[in-house]
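Undergrad: Sequence:
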Amino acid sequence: MSPQNSKSGDPARSLALLWRTQEPASRRRGKPGLSIDRIVVAATELADSEGITALSMRRVAETLDVGTMSLYTYVPGKGELIDLMVDAAYADLDTTERSGTWRERLHRIAHANRDLYIRHPWMLQTVTTRLLGPNLIAKYDHELSAVDGLGLSEVEMDSTVSLVNGYVESTARQTVDSEWIARDSGMDDQQWWRTADPLLSALIDDSRYPTAARVGVAVGTTHQALYEPDHEFAFGLERVLDGVQVLVDARSSGADQP
Numbered sequence: 003m004s005p006q007n008s009k010s011g012d013p014a015r016s017l018a019l020l021w022r023t024q025e026p027a028s029r030r031r032g033k034p035g036l037s038i039d040r041i042v043v044a045a046t047e048l049a050d051s052e053g054i055t056a057l058s059m060r061r062v063a064e065t066l067d068v069g070t071m072s073l074y075t076y077v078p079g080k081g082e083l084i085d086l087m088v089d090a091a092y093a094d095l096d097t098t099e100r101s102g103t104w105r106e107r108l109h110r111i112a113h114a115n116r117d118l119y120i121r122h123p124w125m126l127q128t129v130t131t132r133l134l135g136p137n138l139i140a141k142y143d144h145e146l147s148a149v150d151g152l153g154l155s156e157v158e159m160d161s162t163v164s165l166v167n168g169y170v171e172s173t174a175r176q177t178v179d180s181e182w183i184a185r186d187s188g189m190d191d192q193q194w195w196r197t198a199d200p201l202l203s204a205l206i207d208d209s210r211y212p213t214a215a216r217v218g219v220a221v222g223t224t225h226q227a228l229y230e231p232d233h234e235f236a237f238g239l240e241r242v243l244d245g246v247q248v249l250v251d252a253r254s255s256g257a258d259q260p
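Residues in the sequence shown are numbered from 3 upward in steps of one, following this note's numbering.
Calculated from the structure, these hints are not laboratory results. Just so it is clear, CB atoms sit at the ideal spot from N, CA and C, and this is done for glycine as well. Some clues are possibly wrong.
Unchecked claim - The following label-pair restraints were derived from C-beta to C-beta distances: (1) D96 with E181: 21 to 27 Å; (2) Q176 with D94: 17 to 23 Å; (3) D12 with G35: 25 to 31 Å; (4) E181 with E47: 16 to 22 Å; (5) R61 with G153: 48 to 54 Å; (6) L152 with T70: 50 to 56 Å; (7) A198 with M71: 50 to 56 Å; (8) G238 with W194: 19 to 25 Å; (9) I206 with L165: 33 to 39 Å; (10) V219 with A14: 54 to 60 Å.
Generate the whole structure from the sequences, applying the supplied hints.
TA: Written out as structure tokens, the structure is:
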């Protein structure tokens, strides 16, 4: 995927739109049936299919069959539109399911966030971390509830959620980048491996890199690829949760908090 990030909009304008605290003064001049929500849905569909770099107010207007200026009566610019898109995407997450152990809940939260990024890969190219919209707040509250009542301090609860979400975002980015490379090259990892394996075997002297050769062969034989996203995500997530387990056990045993 393109490394270019899309910037957030004006904070005051974005927050007003996210929380719907005020309607644009010129809204009544918009096309009947047009709304902020319709604009966000159209923009999201465009970004899902063509990427965030294809997003523009003009392209969204064409999709909705309206004039570009009509959109500006609802959303002041592309930055604010992206802020609305990100928060709307978070509404897809289930914030009502709170059954199971804390580990099961964090496991479910991690997979849900990863699935969200894969459905909307453009989210990995947005910079909206400071904009606390209603759906992001609901997401945050839900995720904190997974580790509430375990003896962690409020700061530790926040850091635990950030740790899991940071891991998910990082691995989702690798997965999306892998998919982008496959589309761009016309060759997925398994096809690349079948082509490259005999060439690498002829070029690389195993005696110079014995550990890399041994491990590389084992990985390639197991996955038929250099990188298997689902396996790497699942393996790493369990290790992250193992680390959280150490903290939870320490707090339950009465260990002093930092």
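Undergrad: Against this structure, judge whether each hint is valid.
TA: Going down the list of hints, with the structure as the test:
no.: 1; hint: D96 with E181: 21 to 27 Å; in the structure: 24 Å, holds
no.: 2; hint: Q176 with D94: 17 to 23 Å; in the structure: 22 Å, holds
no.: 3; hint: D12 with G35: 25 to 31 Å; in the structure: 27 Å, holds
no.: 4; hint: E181 with E47: 16 to 22 Å; in the structure: 19 Å, holds
no.: 5; hint: R61 with G153: 48 to 54 Å; in the structure: 51 Å, holds
no.: 6; hint: L152 with T70: 50 to 56 Å; in the structure: 51 Å, holds
no.: 7; hint: A198 with M71: 50 to 56 Å; in the structure: 52 Å, holds
no.: 8; hint: G238 with W194: 19 to 25 Å; in the structure: 22 Å, holds
no.: 9; hint: I206 with L165: 33 to 39 Å; in the structure: 36 Å, holds
no.: 10; hint: V219 with A14: 54 to 60 Å; in the structure: 57 Å, holds
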